[in-house]
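Colleague: As a plain string of letters, each chain reads:
There are 2 protein chains.
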Amino acid sequence: MNRPSGPSGRLIKAPEHFLSEAGIRDVFKDGAQGRRDFIRRAFTAAGAAVAMPAAMAQGTSAGDAGDPDILNLPEHSRGLGRAVATDGYGKPSQFEANVQRRPSPGLTQTSQASVSFAPLQSLFGIVTPSGLHFERHHQGWWDVDPSKHRLMINGSDERIVRTPMVFTMDELMRLPSVSRFHFIECGANTGMEWGNVAVPTCQYTHGMLSCSEFTGVPLKLLLDMAGVDYTRGRFVLGEGADGSSMTRTVPMELIERGEVIVAYGQNGEMLRPENGYPLRLVVPGVQGVSWVKYLRRIEVGDQPYGAKDETLHYVDLMPGGLHRQYTSLQECKSVVTTPSGGQVLLDRGFYSITGLAWSGRGKVRQVDVSVDGGRSWRGARLETPVLSKCLTRFSLDWAWDGRPALIQSRATDETGYVQPSYRQLRAVRGSRSIYHNNAVQTWQVGENGEVRNVQLAA
Amino acid sequence: MNRPSGPSGRLIKAPEHFLSEAGIRDVFKDGAQGRRDFIRRAFTAAGAAVAMPAAMAQGTSAGDAGDPDILNLPEHSRGLGRAVATDGYGKPSQFEANVQRRPSPGLTQTSQASVSFAPLQSLFGIVTPSGLHFERHHQGWWDVDPSKHRLMINGSDERIVRTPMVFTMDELMRLPSVSRFHFIECGANTGMEWGNVAVPTCQYTHGMLSCSEFTGVPLKLLLDMAGVDYTRGRFVLGEGADGSSMTRTVPMELIERGEVIVAYGQNGEMLRPENGYPLRLVVPGVQGVSWVKYLRRIEVGDQPYGAKDETLHYVDLMPGGLHRQYTSLQECKSVVTTPSGGQVLLDRGFYSITGLAWSGRGKVRQVDVSVDGGRSWRGARLETPVLSKCLTRFSLDWAWDGRPALIQSRATDETGYVQPSYRQLRAVRGSRSIYHNNAVQTWQVGENGEVRNVQLAA
Chain Y
5 MNRPSGPSGR LIKAPEHFLS EAGIRDVFKD GAQGRRDFIR RAFTAAGAAV AMPAAMAQGT
65 SAGDAGDPDI LNLPEHSRGL GRAVATDGYG KPSQFEANVQ RRPSPGLTQT SQASVSFAPL
125 QSLFGIVTPS GLHFERHHQG WWDVDPSKHR LMINGSDERI VRTPMVFTMD ELMRLPSVSR
185 FHFIECGANT GMEWGNVAVP TCQYTHGMLS CSEFTGVPLK LLLDMAGVDY TRGRFVLGEG
245 ADGSSMTRTV PMELIERGEV IVAYGQNGEM LRPENGYPLR LVVPGVQGVS WVKYLRRIEV
305 GDQPYGAKDE TLHYVDLMPG GLHRQYTSLQ ECKSVVTTPS GGQVLLDRGF YSITGLAWSG
365 RGKVRQVDVS VDGGRSWRGA RLETPVLSKC LTRFSLDWAW DGRPALIQSR ATDETGYVQP
425 SYRQLRAVRG SRSIYHNNAV QTWQVGENGE VRNVQLAA
Chain D
5 MNRPSGPSGR LIKAPEHFLS EAGIRDVFKD GAQGRRDFIR RAFTAAGAAV AMPAAMAQGT
65 SAGDAGDPDI LNLPEHSRGL GRAVATDGYG KPSQFEANVQ RRPSPGLTQT SQASVSFAPL
125 QSLFGIVTPS GLHFERHHQG WWDVDPSKHR LMINGSDERI VRTPMVFTMD ELMRLPSVSR
185 FHFIECGANT GMEWGNVAVP TCQYTHGMLS CSEFTGVPLK LLLDMAGVDY TRGRFVLGEG
245 ADGSSMTRTV PMELIERGEV IVAYGQNGEM LRPENGYPLR LVVPGVQGVS WVKYLRRIEV
305 GDQPYGAKDE TLHYVDLMPG GLHRQYTSLQ ECKSVVTTPS GGQVLLDRGF YSITGLAWSG
365 RGKVRQVDVS VDGGRSWRGA RLETPVLSKC LTRFSLDWAW DGRPALIQSR ATDETGYVQP
425 SYRQLRAVRG SRSIYHNNAV QTWQVGENGE VRNVQLAA
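Protein sequences, first through last, are from chains Y and D.
Taking my numbering, the leading residue of the first sequence gets 5, the next gets one more, and so forth.
Taking my numbering, the leading residue of the second sequence gets 5, the next gets one more, and so forth.
The list cannot tell twin chains apart, which means a pair is met if one copy fits it or any two copies do.
Derived pair list, reagent style EDC-like, types lysine to aspartate or glutamate, alpha-carbon separation capped at 20 Å: (1) Lys152 with Glu79; (2) Lys95 with Asp149; (3) Lys152 with Asp174.
Just so you know, the hints here were simulated from the structure itself, not pulled from any lab data.
Just so it is clear, the structure is predicted and the values come from calculations on it, not from any experiment.
For reference, chain Y alone in the conformation it holds in the complex (with noise of 0.2 Å):
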């Protein structure tokens, strides 16, 4: 299907004439009904020659162009189709083999220890079908046995946590639990930018993102069931079974606003394996490593950990040689996924740019569009609901005139914070980190329909 997916994926191709220069002016003026006219027209010349060719080719015409001869109709409309599912799990369609999830080759020197990138340009809305969730594994994924699976919840010392406890899956599950929509995006997404190195497609720029569905239960609720000394307790660790020992520590700050999540469920229904199965953390802004996969134990103390994935990785290099520590919350950042890098306008005319946007901060405001590499910018319009911690899809119409155009998206969210441009983050950051890339990014419309992913500011 020539719909925009993968690196080979290919802009639609639009009927001859889809647009005429008059029909192109017409886009950029306001309102719903200018808007209207505009797509209206731009199809109507076209559209009236090819409309009743078309559906007799496909016996598709049932009304005003007469009886469809039986032997013209696709089998699909004639014969018996498959029964309903007897047992098993639903698959997509045979003709979207092509959108997957895809490790980068050789950006990693083993698969366990490993990325693959979600699909984000085949994607919509803001949900991430769990089938395409990026994977960040340190380790390699297991398929944890939920019966034998416990979560440990115990203090630094004895008086911060007054009653150790460990729950099984089915206690945890027993308990008050709250469902709630937020973006995971890993630390590390974007993070080849920093060189300049152009990653050709959006999935591969931006694809360590995704949102859910989640629930679980809130951690706040078990910490007061294992009586915590909130005085002393100003601190928890976090800790996944899988062999990486991952250990992250999360503020008290963040549990007592009761947003954090011992999460089971993900879009509806459990977690999956290589997310985290049976048991996650969800840190609802926190880069997609504080969200500990397979939790086993939650320790409570006075102070950070400095755990070797606060102190080794997930630190921001400076320019003067010093790194950043602790940096874990997401900054507002946007992506436009249509049109992007590897995808081709097969025509001029109308299109609608899409793409997400997000803030580890809470909601996005704004998100403003340029086609003409920042010189102006529009408004987009945001779908609703906005949600807090949460993807927004955003959208603008723009018709192609057919010249080089260089397309941006930059958002804005609810604290006032401004997505920055390379030129900005570079002159805080300088050029040699890995993490916490959230600059704008560039896409390039060639002459011949070519998306490119390109860097604006050297």
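Following the hints, position chain D against chain Y.
Modeller: Only chain D this time, still in chain Y's reference frame:
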């Protein structure tokens, strides 16, 4: 895994002495602090005794219990796990194999004109995973080639639609789109209950219900492009491309609100084949049969079409022998999904009663829950965001004292409409109907903890 799922599902086994009689009384105190104290005390008595042994046995204690013996660690805490995905599409855990959609044996004569029910008792939040979305086919399902699929828009006469059009999928996907969360419910959902047949589980009583984020083009935009005369064109016929020749009338009022979508996306990816890939009509609030799958044609006319599925089927048989037609809107309804029929409460003590509520007229305003067959009610917590014509997840703390209980939920929508009891519904509609049963559902908890579907009103 012993979590609620499927007919063989059972509720979780709690530690012994999970809850004292004094603790049980506490749950009826209002306020979060009271609830937390109640839960903490309930766990403290039992938990302290089992915490350390359980942790040691599983090798999950790595904190204050000293260095664990490496030989006691489970394999997944020592070895190298599986690699990141290089192709394919992620699947649920092997331990979740019992969470499936299921047909009801003997319900239909063929498996192509049949139903497979969603496992509501195993789902969390509001999103239904597309692999578990209920199925309802009239002549089987197909995996239609999107490159050959067309959508035609025409009028019942040429004055109503000035420019009949045919769209390819590529052309449709180039247009402005919206993404919205909506429930879909078959008009026959809960149909067997009319005849006092107590279907055993929630999956079979209410499982023709699902909820997704749908993405597509507002139908109004397509009609605008085709130049519809809205003074003449007051009804639309949606026609599917499969062999069942499914056609349904949709009043223009719904379309003019901008809510009706020609959808290609579901939960972030393309529609699934069994749910209409590549194109289905989304008619929020209206019964599922109107959400025409494999949508190939929209005809605009000046009167309802009286199609076979509007005259022979999907009509409401009334007590006097007459039937009601065009009662397509799904009225406010709710169901408790846990505890529900087929599940077993293995011990007295704390449970979180949870379920789903929805209304075809807008948002759910309130859900009340009874554990004594409707003699007394308590207000449930509604999970946010509460969206229009979308599922709403509700929950309520409950301590089971070991005595028989009758669990019910009763939803009220934003119009003030209150979900009726069976007695109220039958007083108006008799007992010979199939469709549009939105009565309060009752689950009976026996002294042995077994949960059964019971009919209170004969």
